[in-house]
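Build the full structure now, drawing on both the sequences and the hints.
Protein sequence lines, in the order shown, are assigned to chains A and B. If you want the working numbering, it's the position in the first sequence, counting the first as 1, plus 957. If you want the working numbering, it's the position in the second sequence, counting the first as 1, plus 406.
Here are the simulated lysine-lysine pairs, DSBU-like style, with alpha carbons at most 30 Å apart:
#1 A/K1629 <-> A/K1680
#2 A/K1174 <-> A/K1159
#3 B/K432 <-> A/K1516
#4 B/K453 <-> A/K1480
#5 A/K1027 <-> B/K453
Keep in mind the hints are simulated off the structure, nothing from the lab.
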Amino acid sequence: MTEKLVIIGNGMAPGRMLEHLLEAAPDRYAVTIFNAEPRVNYDRIMLSPVLSGEKEFEEIVIHGDGWYIKHGITLYKGHRIVGIDREAKTVTSDHGVTEAYDRLVIATGSVPFIIPVPGKDLPGVLSYRDLDDVNAMLLAAQSRAKAIVIGGGLLGLEAAAGLKERGMDVTVLHVMPTLMERQLDPAAGYLLQKAVEARGIKVMTKANTKAIVGNGKVEGVELMDGTIIPATLVVMAVGIRPNSALAKDAGLEVNRGIVVDDCMQTSDPAIMALGECAEVGGHVYGLVAPLYEMARVAAARLTDGEDKRFVHSDTPTKLKVTGIDLYSLGDFADGDDREEIILRDASAGIYKRVVLQDNRIIGTVLFGETADGAWFNDLKKKATDISEMRDTLIFGQAFQGGVSSDPLAAVAALADDAEICGCNGVCKGKITGAITGKGLTGLDDVRANTKASASCGSCTGLVEQLLKLTLGEAYNPAAVQSMCGCTSLGHDDVRRLIKAKGLKTIPAVMQELEWKTSCGCAKCRPALNYYLVCDWPDQYADDYQSRFINERVHANIQKDGTYSVVPRMWGGVTSAGELRAIADVVDKFDIPMVKVTGGQRIDMLGIRKEDLPAVWADLGKAGFVSGHAYAKGLRTVKTCVGSDWCRFGTQDSTGLGIRIEKFMWGSWTPAKVKMAVSGCPRNCAEATCKDVGVVCVDSGYEIHFAGAAGLDIKGTEVLGLVKTEDEALEVIVALVQMYREQARYLERIYKWAKRIGTAEIKKQVLDDAERRRTLFDRFVFSQKFAQVDPWSERVSGKDKHEFRPMASVGFAEAAE
Amino acid sequence: MTWIAIGSIADIPPRGARCVATPQGKVAVFRTADDQVYAIDDHCPHKGGPLSQGIVHGAAVTCPLHNWVISLETGKALGADEGSVRTIPVKVEGERLFIALEALASKAA
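What follows is the structure, given as structure tokens:
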């Protein structure tokens, strides 16, 4: 019978333990996880890049929902365990679920330390621990107001940098005289403070918090000396402590953390603990490398595999703030039996210090240039006698034994057992072995196969150099994905070359860019057709046969080969006359299904292809034009009733929506474009998940973009606030035109924006008035050729062959 | 073999297709970029999508429903997909196109 394994907590340590366990003994346990956080296992180290906007949450998920399903693991999301009954061997969650266990693993992690000062519970005081904290900070950051981060350690500085990046005015309060004093000596702490201040973050050291002040919400922080610093957000990042309350209540031995032996065993033989909540040999840990080591040990124990024991080792510290390079390892306090070697380069902002004892490295602090960190770590681990190279040691590996200063040579010179990825404990030999053994060609491959650089990512450069060393010329980091099998060029190159070479037909593109097939394929032809339509609106003749059927017949093909038809309802507004005309068409053509769409219009489904022109003719008589519900182009502009009707409406959202739709309909875009205009921040038109959205406010129009609510769900980014309807229209049109000119075919706005960067888009369509105007003008020019109702064209006979069979044959013969 | 006239090559746009209604259902007649003409059942072996509505490239068509690529010469699905659709003999005399009746009748029988 399979044994029951219950895990409390779903962080990185138990996640890694499960990976080892599933590899060694996939069928041994029926696994159940209780996670107090309502989500899957994600890379907590990468929350700082999510806060700063360099990554999305989806990118830092380690195990998606599918992983749990695939491995038959039951995951209770949002269930906090409230009690362990060691007699009955059961655990019970706050939602009342009770689960029996044969083996129990406690991995409850840590809780942020909250300084016990008055006001600590005010709304607006946050800790920095999980995604909820990050989301709360992002929400607060929208105000662009003042924030205070209490704590100048690793976490506090990352939070401060992220909030600053999001536009807040940030002050860091640190109680000690220098920043990160536990990892850095005062000299490096000083350099770090300068680097942090250079980013516009204020730093106050020796700042002792007396109280958080405010009436009903945070208004500021009061220091011991009476100074009051105003702020609307306070982030406490002063440290963490092991979350051991549950274990304590259950009667397990608890000291600072849950006491375990070097096999992760608690005082109860059926219960293990690992991660930040566990205390081994008197140490508790907060960095990922030792936690992953615990996971390895725990998995071996659970599978009765090889006898692994946890051994304490120093873990290097690195700060994940883009542009600040910092590395700290081991012990660097002064001492009578210790010597030190120091290199300072003030103009380059470099500081390096190596602490020696008996000619062996025991500690290192590097600031400004950290490439040699791995090498120093290696020397320290192996306790190498450095007396031979003492004179040049501080200059790094490149200066030893006449090796050139080529960084590649430095990596080449590393021993096979030198550690490359500290987080996952991956050495050089394992990476190069996997590259040659498994035929890996890129960074993602290496991450998938070895986990090297898959956690905090700071060793990415080293891994890339190993790829280069191992594969030589064959490694091409910039390898672009080609458009399709017909060419080795990527979309961006093709777009650039179309403009640069003045290519104006599909055959010209294929000839000049050396297409490998005679007439392309169903992937590249629609893309090329779009690029040419966009780039040469007045000169290019649309290649009908390179369009997908929906855009060829201006209706949506359904599974049975019939079509659906959606007429435009400007801004979602209709009338009795229009509805009557639709009702008549439905009756006349016996249309089997009529449905209201999500974009505020009406869909008629199940229309025979032959009937399409007649349906359009009747709809056209009532004033309808094509809704382009089939197009890679402007679809709907959804609106709410706004100031005309709504008691909360601040502007005429319906009017603006209709104006935008009438201005932009008919334009072709790389992928569909859906818009919405809401009349107030209650946002009834759901503008904040659209490709482009407007939220009206008293002071004007807040323009949003890059939302998604389909395959991916993503809230919009704010482009900016403008005062008038005219400005709003100009900005939106310029944004869409920039997207039309730059994006890859089938790439939605949110994916394009992620690739280009929202800052660049803001710069071009908001800050640079001249650039905005030229984009706007180009859109207006292209609309001259695009705003033709395709339905009325076809009613008047265009492409009539499309809607009729070529011949009807064989009926007489078959009847004989 | 009986050939049935279905019209002229000019009735079909290059890299396009038209349908011919027959007692056994629709036949899709394709014209490639280099004016080769092929006829196959207008019914994708995958989920029955109307192949005549697909994008024509080389001597193949991509089904509009789920992007299966079908060879016009053999009727077989190309790439990783497996399946095939009936091909129907076509004759071109000058501008005029014919399809073979017997092939049609044999399915009816």
